[in-house]
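Novice: Start from chain P and add chain U according to the hints.
One-letter residues, chain by chain:
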Amino acid sequence: MKVRTIGTIVVALLIFAAGYAALFIAPEERTMGMIQRIFYMHVAAWTSMYIAFITVFYANVRYLISHDRKYDALGVSAAEVGVVCCTVGLTTGPLWAKPVWGIWWTWDARLTSTFVLWLLYISYLILRGLLEDPEKKATLSAVFGIFASLDMPLVYVSNRLWRTQHPQPVILGGESSGLQATMAYTLVFCMVAICGVMILVLRDRYQLELMRNELAELRFAADRREAAGSVGNLGTARG
Amino acid sequence: MMSTARATAILLGKELRLELRTRELLGATIVFALIVEVLFSFAFDPSPADARRIGPGLLWIAFLFAGSLMLNPSFAREQPNDTLDALRLAPISSFAILLGKLLANLIFMLAVEAILVPVFSILYNVPIAGIVGRLALVMLLGTLGLVITGTVFSAISAQARMRELLLPLLLLPVLAPLLIASVEATAALFAEEPMIDRTWVAFLAGFDIVFMTAAWLLCDYLISE
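Going down the list, the sequences are from chains P and U.
Counting in this note's numbering, the first sequence runs from 1 upward without gaps.
Counting in this note's numbering, the second sequence runs from 1001 upward without gaps.
Since the hints were derived computationally from the structure, they do not count as laboratory data.
Heads up, a few of these hints could be off.
To be verified - Pair ranges (Cβ atoms, derived):
1) P:Gly-129 / U:Leu-1217: 41 to 49 Å
2) P:Val-100 / U:Gly-1206: 44 to 52 Å
3) P:Leu-218 / U:Trp-1216: 34 to 42 Å
4) P:Leu-218 / U:Pro-1091: 35 to 43 Å
5) U:Ala-1049 / P:Thr-106: 52 to 60 Å
6) P:Arg-4 / U:Trp-1216: 39 to 47 Å
The beta carbon of each residue, even a glycine, is placed where N, CA and C say it ideally should be.
The shape of chain P in the complex, shown without the other chains (with noise of 0.2 Å):
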């Protein structure tokens, strides 16, 4: 619980000045103004969404090495971030998108490998929902898993033969491209802010999860030994 508390508190704070930073410190973009502002919450979502997609692949593989169902419940709980995250920066995108693109959506190659990438991980949710048993829902939906994660890059890569209409990377996006100083140093600030609450919650869940896991094994003893209990008195019953 000590983690917990001390991770609040620094995560808040971390959260409050990178809000500030970005707000009120990063010099203003010279021809997008104000709006370009909701770049350092735009990509800050990204990095904590495959961060957390990436935590769903790599739970996914190790659930079915080694049967354990701690990574069954790291793997929907990243998953379930992963998707809020991809959430925030789905609304975001065309928040900024308007009044710079003058349109809110375009099927871009990274927009619309995006989009798809936030169907396949609603569906991987979906699918946990539908299977009863926690055994067979844990193997089938890490298959799943396994199947969306290999999937991904094949969405971008064709999307991005396809069409392009997004602007390039700006960091490590070759020449041209480059942040003023100020800048990126606000934008690494919001990440690491995001990623803080991406990770708080995270962990959250997966708590909440094992805890949720627990109840269910014990309500299933509970069953049972209540069955073995009643077979018991019919038995002395007609002794």
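Specialist: For chain U alone, coordinates are given in the frame of chain P:
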């Protein structure tokens, strides 16, 4: 333990025999895809020029939808009599079980396409006489990808509630890259100067290899109890 190739051949024979005796799956799927093709003309009222442009998309959407319905019974029909348990008990690898079903589904899907593509060509005035061989290659690669993922996911959805709705939900987003590649490769063949688009054909082959390998690695978890 029987060799995987022999076990696959026997299971493939069983699947084909089952379908030949009942003939329920193929007939219904062909009619379904035909209905999609016909409804499409009401929805878009395409001229022959439009048909060249949107035809590849129409064909592949029809095949993807038809596939996501047709692949459903692949594993689900083993359930009423628990026949999958009998297959599990047999001294054969689980990959043979998956592969037997996969190849049967591939044959069914290709049969559907062999009827639907010429019908499309007649209804929408898109000549295909000169491109039969190349079109068959694109159809084979695209359909293989559809059938690999579809058969694996039908093994998953068969064990869930609402499986008829679940299979398309799992399958269609994963097939997004396959749809783009198949449509682009088919469009290059439907153009005035038909040509084979090497990039997209290679992409389709890559898709098939990636998911075939994954199916091979993960089939034990799909089939086992």
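Novice: Which of the numbered hints are not met once you compare them with the structure shown?
Specialist: Per hint list: 1, 2 and 5 violated.
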